[in-house]
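Peer 1: Here's the letter readout for the chains.
2 protein chains.
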Amino acid sequence: MFSPIKSTKVYEQVMEQIKKMIVDGSLKTGDKLPSERELVERFQVSRTSIREALRALQIIGLVECKQGEGNYINHSFKNSLFEHLSMIFMIQESNPVEIIEVRRVIEVGTAAMAAKRITNEELESLEILVGVYGNSRDEEENVKIDKKLHYEIAQASGNYLISNILNAISSLIDSFIKDARKKILVEERNAEILAKQHWEIYEALKNHNPKKASEAMKKHLEFTNEYMLR
Amino acid sequence: MFSPIKSTKVYEQVMEQIKKMIVDGSLKTGDKLPSERELVERFQVSRTSIREALRALQIIGLVECKQGEGNYINHSFKNSLFEHLSMIFMIQESNPVEIIEVRRVIEVGTAAMAAKRITNEELESLEILVGVYGNSRDEEENVKIDKKLHYEIAQASGNYLISNILNAISSLIDSFIKDARKKILVEERNAEILAKQHWEIYEALKNHNPKKASEAMKKHLEFTNEYMLR
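Chains as they are written, first to last, in the numbering used here: chain Y, 1 to 230; chain G, 1 to 230.
Hint data in this document are derived by calculation from the structure and do not stem from the laboratory.
Predicted model only: the values in this text are computed from it and were never measured.
Between beta-carbon pairs, the in silico distance windows are:
id, chain 1, residue 1, chain 2, residue 2, range
1, Y, 95, G, 206, 24 to 34 Å
2, Y, 36, G, 16, 24 to 34 Å
3, Y, 138, G, 67, 53 to 63 Å
4, Y, 148, G, 222, 23 to 33 Å
Ideal placement from N, C-alpha and C gives every residue a C-beta, glycine not left out.
When you get a sec, could you build the whole thing from the sequences and use the hints?
Peer 2: Structure (structure tokens):
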């Protein structure tokens with residue numbers, strides 16, 4: 001069997017070299033890349049190829065171009081990459097059920113991690129959110145607090161990767177199921193139920209009880225997911 | 001405060017339009033894109049801008065260019081995107097502990113899902129793998145079987161998204177901790193312990209017992225992770 005020959009373009013080779021420098025640690029987040037002219041000299045390729053490579057690295061979110069300053073290795077996660085990821089999910093026709101399942105799996109485990117590691121400051125901030133939730137008559141406001149609550153619990157897990165993955169999934173869910181959270185709150189008694197569930201999660205975190213935190217989170221997500229998928 | 005004005009390039013606008021067509025469902029995976037000439041007419045922009053947009057879409061893995069055939073909406077997940085993702089993880093200096101934690105969280109939850117949904121065919125295939133594991137004197141062979149085992153359990157969860165995320169994480173782990181799995185097997189009695197743990201997971205799946213499946217997976221991963229992080 002013959003295998004198809006993959007043509008590698010010059011700009012791709014430049015990209016690969018820059019990626020290698022990241023892998024071996026010679027380029028780190030926040031570092032400034034050499035100027036276009038220097039890169040031309042170093043790689044012995046045309047300026048066009050260098051520009052193509054830099055643009056490609058910008059597109060995937062590895063490099064950031066600061067106007068008038070030059071190119072830097074990006075240090076923010078909240079870039080285009082997760083947006084691209086959600087596009088890929090969409091063309092895969094992932095259904096909302098799958099996405100919500102992934103979220104449940106991750107958040108239930110994350111709650112246990114948070115119970116082990118949450119700091120006193122984090123607990124204080126969470127207590128305020130849990131207390132404020134449901135007080136407002138503005139449903140949109142409550143939805144915001146709800147999201148912030150889950151975000152802070154993910155942060156309290158101490159795992160940067162997890163909070164980023166959860167953020168990406170959360171925006172994915174939003175793009176699929178618009179206004180789903182508001183729907184839950186339309187039923188008056190649900191606001192009360194949700195507030196109680198939040199307190200249960202908070203209590204488990206405060207007692208640093210991973211098992212109870214997981215269980216409380218599971219109960220909470222199963223309740224809300226049911227509404228989201230209606 | 002003034003906020004910086006973000007210049008939007010023409011090719012980015014073209015990209016956005018094509019993305020919108022994916023979001024609203026008018027472009028689906030496997031679909032052929034209009035020719036460059038048609039796109040020029042439709043968007044009323046230069047051929048260069050169209051080419052830049054198409055290249056950008058190729059880079060993020062949304063579009064695949066088939067030589068002599070044209071551009072298609074990609075239908076394979078196993079494209080460059082996850083590679084980009086692992087680069088981002090690297091510049092973030094995510095440590096192996098974080099990555100392994102994410103894997104544990106997801107796989108423990110996934111085992112429970114698999115216990116609910118696993119089919120008889122999947123159980124049969126898994127039983128063969130579990131039986132074969134540890135028989136070989138070739139450690140590399142056993143490592144391969146081990147990976148296949150975890151992969152099949154993720155597949156049995158019935159959630160496509162989860163098995164893809166786990167695959168990405170698994171290759172990330174490999175790139176960080178080379179030969180870690182082999183290290184575990186160097187200690188002779190570990191092969192036996194691992195084989196036993198696999199049987200426990202299999203039994204729980206066979207009995208469609210989500211709780212036991214989770215517990216068995218947790219025990220297994222805590223054991224192996226300890227070696228990986230040595």
